[in-house]
Amino acid sequence: MNPFEFEFMQRAFVACALIAAVAPLVGSFIVQRGQSLVGDGMGHVAFAGVGLAFLVGADPVLGALALTVVAGLLLVRMGRGGLAGDLAIALIFYGGIAAGYLFASRADAAQTQVVGLLFGSPLNLTWPEVWVIAGLAAAVVVLTVALYPRLVAMAFDEEAARVAGVPTDRLVLALTLMVAMVVVGGMSSIGLLLISAMMVVPVAAAAQLASSYRATLALASAIGVASAVIGLLGAHYGDYAPGSAIVLVAIAGYALAAAWRSIARRAAA
Amino acid sequence: MTPPGPDRSCPLELDGVSFAYGRSMVLWDVSLRVRQGEFVAVVGPNGSGKTTLMKLGLGLLQPGAGQVRLFGQEVRSFRSWSQVGYVPQRAQATSALPVSVEEVVVSGLAARTRRFRRLAEEVERIDHVVELLALEGSRRSRMAELSGGQQQRALIARALVTAPQLLVLDEPTTGVDAEARSVLRESLRHLVEVEKMAVVYVSHDPEGFSGLAQRVVEVEGGRMREGHGQPAVQVAKG
Ligand SMILES: Nc1ncnc2c1ncn2[C@@H]1O[C@H](COP(=O)(O)OP(=O)(O)OP(=O)(O)O)[C@@H](O)[C@H]1O
Ligand SMILES: [Mg+2]
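Protein chains in written order, with this note's numbering: chain A, 127 to 395; chain B, 255 to 492.
Where hints are given, some of them may not hold.
Claimed, not checked - Partial list, derived from the structure: chain B residues whose beta carbon lies under 8 Å from chain A: (1) L314; (2) W335; (3) S336; (4) V338; (5) Y340; (6) P342; (7) S349; (8) E357; (9) V358; (10) G362; (11) A364; (12) A365; (13) R371; (14) L400; (15) R412.
For the record, the hints were derived by calculation from the structure and aren't laboratory data.
Where is the CB? At the ideal position from N, CA and C, for every residue including glycine.
Given the sequences, and given the hints that come with them, work out the whole structure.
This is how it looks when you write it as structure tokens:
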């Protein structure tokens, strides 16, 4: 049975491939800045936003977007106020997951709905939801392209970038908002607990093989899309949870890339 | 009131500057003037505050007291950053992700290249600094594959790519062998003598700036001593 014949599979492929293509673009900059877990923290906050939306009967995407943006601003603020980035992330992280479940249980949200958000349920998407995801993905691409030279300069060396005239404070804010967009765009397809993996794992895999930043980004994006397609096919034929399958395929991709690199190194030596 | 235009004659001026990290005082009432085309070496023991002094001078830290001016302008309102090149002291030049030498060098232009196309003069300048720092053969190489000396030269090229009038180098010879050090010295000589750049060179190692430094200042115990026109090695107390 050809999975592409089903419209729900078409929607799943479009949504997962788009978000998996753009997640590593943003992820590369947070990995390079040593903040790989920022996406994870934002995922937890988005969960609180969704819980709150359930409680007041608002749109979950809007709830998640609102709360991640607020958390992003707070995170940047706290970082500047001297509270170590790591600790700031941890506070928001635990606060988010606790508040999210508190709200969701108070709102009597179905357990399947909650699990779907945490681990992704791309087969249940509607076309309007897919268009929202496409819009968020497009916004991430536009921002990445427009800010690319500055983001690279800042990610590589923040102080040197400041002396070169790069407005790093505003740029950190923009990057944080981009993380929020990816998290919200990926929550219904890949899941809030797993979307962060798609920001980091394809980048780690690409870094094994590429020799420039630009090539790393391009390759990571391709690895993201390939993981989404293979993961969804696996989920379809093997009846696995799609979000988890996608992330596990990406991790397998990383293992392959790392193995390839160590073989290539040994051959060169 | 319009701010005065950049004053080329005094690229860097710290006047009566004091600074503390939290409660621990690092610098007391320190002053330093660097004139156009001047090569000033800054020496002093570990932890004496040399890096802190440079960060104050570049507006990366705000002084508790005193004034900092770049090209005659208060550092807080200074905007002509293409006039300034900075090579930070390297904790480690390790980058989590692959980055090519060319990408590192070009990142020095990040604030200027708004468009996707590079201007002809930018391309020319990139080629010039790459050649000046003897990096032609490794433009496409991954930074991580280079020697310590080559990495340092790539960071210097990044600082020079906007053709600044002031170059601040913080311990540029850490982990660099004698041969690479002499390549670096010749590049710096060219910058001071031909491009008339003002250079502030922070180092433990007097050999790196001997024959180049017109002035050596010593930071010790949070205060500064100056030795005008004296041979570097004597003032630096070896
Ligand atoms: N971010 C910081 N927070 C707190 N204290 C700091 C910080 N950076 C430096 N210090 C302290 O300030 C003092 C001056 O440090 P600084 O790095 O300016 O010295 P330095 O002369 O550059 O030393 P080195 O020769 O090792 O490079 C040291 O005692 C150092 O421990
Ligand atoms: Mg230092």
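Hints, verified against the model:
1. L314: Cβ of B/L314 sits 6 Å from chain A, so the hint holds.
2. W335: holds, 3 Å
3. S336: holds, 7 Å
4. V338: With a closest approach of 6 Å, the B/V338 hint holds.
5. Y340: Hint holds; B/Y340 Cβ to chain A Cβ min 4 Å, cut 8 Å.
6. P342: holds, 5 Å
7. S349: Given a least distance of 6 Å, the restraint on B/S349 holds.
8. E357: holds, 5 Å
9. V358: This hint holds: B/V358 lies near chain A, its Cβ roughly 7 Å from the closest one there, short of 8 Å.
10. G362: holds, 6 Å
11. A364: holds, 4 Å
12. A365: Since the shortest Cβ distance to chain A is 3 Å, the answer is holds.
13. R371: violated, 12 Å
14. L400: Cβ of B/L400 sits 12 Å from chain A, so the hint is violated.
15. R412: This hint holds: B/R412 lies near chain A, its Cβ roughly 7 Å from the closest one there, short of 8 Å.
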